[in-house]
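Q: So the protein lines, in turn, are chains A and B.
Using my numbering, read the first sequence as starting at 1377 and increasing by one per residue.
Using my numbering, read the second sequence as starting at 1377 and increasing by one per residue.
Rather than coming from a laboratory, the hints here were simulated on the basis of the structure.
Hints should not be assumed to be uniformly reliable.
Note that the list lumps identical chains together, so a pair holds whenever it fits in one copy or between two copies.
What the hints assert, rightly or not - Lysine to aspartate or glutamate pairs mimicking EDC-like chemistry, simulated, CA-CA at most 16 Å apart:
1. Lys2014 to Glu1975
2. Lys1780 to Asp2130
3. Lys1726 to Asp1978
4. Lys1869 to Glu2184
5. Lys1869 to Asp2179
6. Lys1869 to Glu2183
7. Lys1796 to Glu1811
8. Lys1796 to Asp2035
9. Lys2131 to Glu1589
10. Lys1674 to Asp1870
2 protein chains.
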Amino acid sequence: KECTEDEVSEVLKLNDDPRVHGVHLRLPPASLTSRVLNALKPEKDVDGISDLNMGRLVRGDLSKGFVPPRASAVMDLLEKHDTPLEGKTVLLIGGEGPFGVALQCLMERSGLVALKNQWSSKSLQSQVCACDSTYFTYFLCINPSVNHLLPVCLTGGCQHVALLLVLCSRWLQAQQYQPWHLQCLKLQPLTPVPSDIEISRAQTPKPVDQLAEEIGLLPEELEAYGRSKAKVRLSLLDRLHKQPDGKYVLVAGITPTPLGEGKSTVTIGLVQALSAHLKLNSFACLRQPSQGPTFGVKGGAAGGGYAQVIPMEEFNLHLTGDIHAITAANNLVAAAIDARMLHEATQSDKALFNRLVPSVNGVRRFSPIQISRLHRLGINKIDPASLTPQDVSTFVRLDLDPSKITWQRVVDTNDRFLRKITVGQASTEKGQMRETGFDIAVASEIMAILALADSLEDMRTRLARMVVGTSRSGQPVTAEDLGVSGALVVLMKDAIKPTLMQTLEGTPVFVHAGPFANIAHGNSSVLADKLALKLVGRDGFVVTEAGFGADIGMEKFFNIKCRTSGLRPDVVVLVATVRALKMHGGGSNVSAGAPLPREYIDENLSLVAGGCQSNLRKQIQIAHLFGVPVVVALNVFKTDTQAEIELVCQMAKESGASDAVPCHHWAQGGRGSLDLARAVNEAASRPSNFQFLYNIEMPIVEKIRTIATKVYGADDIELSPEAVAKIDYYNQQGYGSLPICMAKTHLSLSHMPDKKGVPTGFVLPIRDVRASIGAGFIYPLVGTMSTMPGLPTRPCFYDIDLDPVTEEITGLF
Amino acid sequence: KECTEDEVSEVLKLNDDPRVHGVHLRLPPASLTSRVLNALKPEKDVDGISDLNMGRLVRGDLSKGFVPPRASAVMDLLEKHDTPLEGKTVLLIGGEGPFGVALQCLMERSGLVALKNQWSSKSLQSQVCACDSTYFTYFLCINPSVNHLLPVCLTGGCQHVALLLVLCSRWLQAQQYQPWHLQCLKLQPLTPVPSDIEISRAQTPKPVDQLAEEIGLLPEELEAYGRSKAKVRLSLLDRLHKQPDGKYVLVAGITPTPLGEGKSTVTIGLVQALSAHLKLNSFACLRQPSQGPTFGVKGGAAGGGYAQVIPMEEFNLHLTGDIHAITAANNLVAAAIDARMLHEATQSDKALFNRLVPSVNGVRRFSPIQISRLHRLGINKIDPASLTPQDVSTFVRLDLDPSKITWQRVVDTNDRFLRKITVGQASTEKGQMRETGFDIAVASEIMAILALADSLEDMRTRLARMVVGTSRSGQPVTAEDLGVSGALVVLMKDAIKPTLMQTLEGTPVFVHAGPFANIAHGNSSVLADKLALKLVGRDGFVVTEAGFGADIGMEKFFNIKCRTSGLRPDVVVLVATVRALKMHGGGSNVSAGAPLPREYIDENLSLVAGGCQSNLRKQIQIAHLFGVPVVVALNVFKTDTQAEIELVCQMAKESGASDAVPCHHWAQGGRGSLDLARAVNEAASRPSNFQFLYNIEMPIVEKIRTIATKVYGADDIELSPEAVAKIDYYNQQGYGSLPICMAKTHLSLSHMPDKKGVPTGFVLPIRDVRASIGAGFIYPLVGTMSTMPGLPTRPCFYDIDLDPVTEEITGLF
């Protein structure tokens, strides 16, 4: 159907209306070639011809249903438009069919309001009424101040819709950086401090969409999971790419006692102080805890006392399912490995090929993932029929060596009986038994990847290149060789988005990823840090935490995480406790479950001084190796005396710390960390001079030696023959320029857990060397590392329950 | 601080204001004892004295933070008030502190609007302004038509807030049943029918909160998970408990071919027809699919063609994490079992007792879960010191017999190598190896419990009584004995809420639970059905689906699910296909992967007639055993001829079906199922005469025999000696009056998968009998049942991938 005269005259009016900056016509092809297109001024034609490709805005055809425009496409369009943007309006017209729903969706994402039936242009209204009434019942105006709505060109058929685009300054503004309007929650700490779950329950979190709005997130960037958690979309990075980053603060610790010294509470207390008391934008980026320890010995990880993430039970259980997604992805790889070995062992090349590349309706095709494998094998053929028998054999047989499979299964439960198991004992598996084991889910390489990936694309690449074992001829076999890597990305597509929560004082927190700190890098995700750095803005702070002591967590943060992310830290906060310092000063053994020896409860200045001179000083020096200023945060316990506190602060400053302050966040919340917040703010204003400890191109052995001697204080390293052989193999395979992720005890600077203070005169033994090729690091094993905790005789779960009426949880801590 | 004269006079004014039905004063105790309380008329005092316990509404103290009132508490309060409710108003005053946040929270849950700064009572305003301005900046009026706001009594101190309650008819109305205002999505089906994922992607789902509002859910009853899924809170059942249920329709099938005959698509097509075309409220209740088959052979389970749940990838992957929660809970039990056996094997009674009941700050206490165990053991003591050594030994030793542990671990992956494994082979487990295995997660007893529980309390009870094995002295050992049952409820607290999604035509769907259909009952959850029956209202329809053929899924639906829920079905829809009927009529073997034999593609009326006379007729008779009318739905394939279709419909009616109609939902969506929808509507208007097949108090053997002979058509049953011994044991333990859940092949009415049609003259062998005590059924094993599928040579995952730019998924079906 051709356009009517009326429609053409509407277009002509648009040509002359100075408020109209572009017209998109969605007409049948027949009409598009006719007078309408000629009538439209070229500079107002945003359809098809110009580079403002409206195909992206209105994808697909109405008859097939409508894919909603992505907000970023609308924004691109607005930005590319070369006329001034001031005072412009976007007008979208839709209906109740799929197109209407799509518009509603766009509207919702952009935070707009529908002005239903508020037509003020008579001619438009009459035209719309002439159309099929199932469309065109919504009229959306992005700028509500425009009461006089502009006329639109419509075709008569209900399947075609016209979009009039007049650009809107208000909408564009909303897309830019927004200053925070944070409404903090008041804390009124009680004495004595109640249990963590009681404190958490006594505070009502703000609705997460309110928090999101306060910190400048757009509704379209949020995916709520219940009322107190939401995933944040990565499109935020595109939107704010021009926005300068905030200050980047790492919280690390001195070598801890087995009881832990409170890095998480310091991190949370610090952001509570910065945001709620100093009114400086700040974000804490935390690791998601494993559920295993929550029900085992350790309990939760949401902080403690008056420095917590709330609701703490949501933080500690399931969260938004990321660890479950990792478990599912990890175990799909494992199932694929064993099933593939079985199928290869029981089928001929031809049978395997017929099944792997089946004839569907008489046509055989390789899937894209198979083409990738062929390409890696040097077989550059697309037609399955063209493969030689040798090609077929090479293609269908991964020929995995059962004794060289490095991939383990995982569960997020402390299940020690799965540490070493034999699988394949049912008769259906035809005798293909082998020994293997389960790790705790957070030890999966997929978790390490989640923490290091900086985009969906990057995660996909890393997942594909994960090496799961070696073929009998010594070739690495990857997840992509198994054909499973696409499915892994699909399983992980939501896990890549960080989860937004809040502290007890209503300040924002990202929870994302939580890789094991021994066999992996122990740091929360690069993406959460990047999103947070954009959100806090130039003068804001992002506080992130590294697992274990500074010799491990901080070293990996700098050499692995910062190298990957390109981010540069401004300040290190080094957490110390009088308890740990006394241990390093020569105090007797501290162990979980046993009562603390006397010297830890009474004042003992000489033990404290010993700890400051040894371990604290050394850890400060380690941070200075990387050129970053250090603020020492003394996490104060109620048994600490004033003299002890003052001694620590004085000696820390003498050892080179920019500042050293006591922190009372556990008992007082943010108010108790004000001195720390001021000290961090001050240190961050000084120039930092960050440098890596080693050049990535150094040989693997030299990188290991550098860490051992410069960070741990070893005289040298000693490689086992196994380690030497592995390093040779990795060099051969081209993995020589990956960074090093040491797997060493966190209870000593050395490899000997009972050597406290600053051990010297030792040679670091490297028992074995392994590689996480997908995550992108080599990990030397110093001693044996357990990757599966166990349950004690009386696990935490004995006290955990839920009131079925109030739904309140008890016993979590 | 005492109240001022002004405050007292405000109270006196409230006494005389007929629009004020109650006053809640939140004053310091000193003030409460003074003139204010005396000034207030008793009938308006809702604070503390009366049974309208406002403690529930305003819990805790402001100084400790504020717990938001639960909407149900507000409602209770409103309902209990004995004055007429018409024309009443609730007025809440808050501020920006925790109290303000709490009010905002309540407001949001109740869908109210804040009228900030819209004071119209001068005296109120001036008082408020005199207070600390951090409170009292919100002023909430539930009934916006009240422009003249009522005065409120306030104390001068900012920590104390007065609530004035004037009851509100509008709010109460919103709490009652709301008629649906469903905006359906238009479908414009294409020919040929595109792939499932293409169809799903081409349709934009409504935002889930919009769908929820359309079907009368309150905002407070919804927990969104992203934009297209939401959990629905069980409080809905309380709110609508007076609302009559809708009609209850079960979709079952004739004995299927191994390819499946489309019960899910029929279910979805039927609700699309009912809601979107006949404008009758309807809900589909579906099972959540296991992720194992999604990446294995079967693909997704969101329906197919133009009868789907959308977005299909959200349906098929993770959903809202319920299966992950089940996996976590199941495996926590498993870890607890093995760890406990290890600890018992390596510790004395005394050491175990000291660890299980540790001295904390010098005090020993049993946890509530331990007291439950003592109680079951007949040791009615509370003081740990009072136990005799014999008591201690009985208490600390579960004494599990490793050869009689029935609890298996689970993963939601098709991992055949885990079918039979040996665990505990690491040296840390001290030689305590044993053989065990993994099941697919949906085979967990916890999944069966989720599907049968009718409240959080009920789920808690069932989880606690799950039997995990037997002690050496032959006593059952439960999850509660392990001390883990409280933790299980905590892990499952969100999983118990059904997930709301929508069909391609925008009609509502609940997805909840998906227990295995062989070793469990194979039906979606009781709770989803109950919620849906309230939401659709008296004239609406809830369509739920039973796994496998009617001989299995429908029998279990009636005898197990309906017995538990108390719900009574109105109609059975029996799904048949020409393909399956031809098979029953004598057609040659149909198997997955192989091309269909000729007779299935060409017209063959005699084979069709054979199938109708045999299997179809028998399945109709089975439904009639329960007194429920049957509508046969012929799921039409493109190769079916008109003569074949007519023959099936005619013969089905001759066999006693109320009606029989062809369905074209796959190609046409709801429009293709209009005849079915009309037939169901008609059948549901007839009286149904439901009865159970057996009395629950019959002996176990008799119950099994009744099912075998009346449903399967066996001459008798034959019990193995093992089965006899187990039945004796279950009778001894008091499990004799549980219903029966047969574990039998679904490919034949008999136990022999290759016997099609209506096999006769056979004796059903019962190999073994097992029990799910938590879920509440006995399950006899007829033949071997695999509880862990495997991966084929080329699993589905080869084609699954995600475009990192558009985030579109490919390859799911």
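Q: Tell me, which hint numbers fail for this structure?
A: 2, 3, 8, 9, 10
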